[in-house]
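J.: Use these hints to put chain L onto chain W, whose structure you have.
For the protein sequence lines, the chains are W and L, in the order given. Using the working numbering, you'd call the opening residue of the first sequence number 1 and step up by one each time. Using the working numbering, you'd call the opening residue of the second sequence number 1 and step up by one each time.
Mixed in with the good hints, there may be bad ones.
Which copy is meant is left open, because identical chains are indistinguishable; a pair holds if it fits in one copy or across any two.
Taking lysine-lysine pairs in the BS3-like style, the calculated list, with each CA pair at most 25 Å apart, reads [as the list claims (entries may be wrong)]:
hint : residue 1 : residue 2
1    : 52        : 91
2    : 123       : 52
3    : 52        : 11
It should be emphasised that the hints constitute simulated quantities derived from the structure, not laboratory data. Note that this is a predicted model, so its numbers are computed, not measured.
2 protein chains.
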Amino acid sequence: MNQASQSDIAKRLQRSLYDDIPLVHALALQVRIATPLRVVFSAPLAPNINDKGCAFGGSLASLLTLACWSLLRVHTWELDWPADIYVHTSKLLYTAPIWSDFEVVASLSPEALEQFSHDFASKGRAAALPHADAMTVDAQGEPISALRLDARFVAMRPADSV
Amino acid sequence: MNQASQSDIAKRLQRSLYDDIPLVHALALQVRIATPLRVVFSAPLAPNINDKGCAFGGSLASLLTLACWSLLRVHTWELDWPADIYVHTSKLLYTAPIWSDFEVVASLSPEALEQFSHDFASKGRAAALPHADAMTVDAQGEPISALRLDARFVAMRPADSV
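Next comes chain W alone, as it looks inside the complex (with noise of 0.2 Å):
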């Protein structure tokens, strides 16, 4: 795919994030990447504080599901399948504290993209296994990844679309 049309996928999915869930609005995000194996968000600290003022993790889980399930909501707008994308599980490790504007990147493998794309063609239904990470700076200034999200997401095709 093109440059233009990715970042006309990432402004589609960024509009439709504000049309489709209030919450958006005040996590603030931007849509920064949107392709089926990779989605990175931009978000400001400022919203999204906790009472001790670094990120509020309430609001990093908010958009590591986002963002994971944003792969697959990407993926099936591609290919013109019509989805309701739920999560299933997760699972979040925080290991350090976020005191910035920062990222969150979601990705999927190749290989689980195309089992998730055979399962559904042929079921209407289909899981995926995307991880996500928040991303802070050490005291070196190197980036690592402040929580790390592990999913199990649903993709199935809605009642009314057979």
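T.: Okay, now just chain L, sitting in the frame of chain W:
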């Protein structure tokens, strides 16, 4: 503790959540019960919907994380212990969609609370493993858990309180 002071603590918790964590305004939660063993929030569906019209996973993860955090917040308030309380890990299992206003319920066992208190008093640092559920009703109108969260929280004396 008598009824009056329990309701004072619920009010204090609600005020501090709204004052300290901007995302709480978007979640629109109400604190119903606030004790160290049990915290109950109610939340309206409308500001917490997703693209499918049911409760957004990120809103739910935020509410359950906050409810668990609040168990230890209320406990350390009651003992007048300054404490920074962080979520360290969480595991979420989403089992049913939520289509109406809902409650979340967080719990900690008396034994776990006692161990937490003992460790915090002696070491200035302690961990606890609370859990929480987001409640909905099944087809027969019976209350069921729509989402279960199991978490590990860490509390420590703030650096400036020693």
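J.: Would you mind marking each hint as holding or not holding in the structure?
T.: A quick look at each hint next to the structure:
Proximity of residue 52 and residue 91 under a CA criterion of 25 Å is satisfied in both settings, with 23 Å inside one chain copy and 23 Å between copies. Proximity of residue 123 and residue 52 under a CA criterion of 25 Å is satisfied inter-copy only: 21 Å between copies versus 47 Å inside one chain copy. Taking the closest pair of Cα atoms, residue 52 and residue 11 come within 25 Å of each other only across two copies (20 Å); inside a single copy the shortest separation is 33 Å, beyond that limit.
Every hint, counting from the list given before, is met by this structure.
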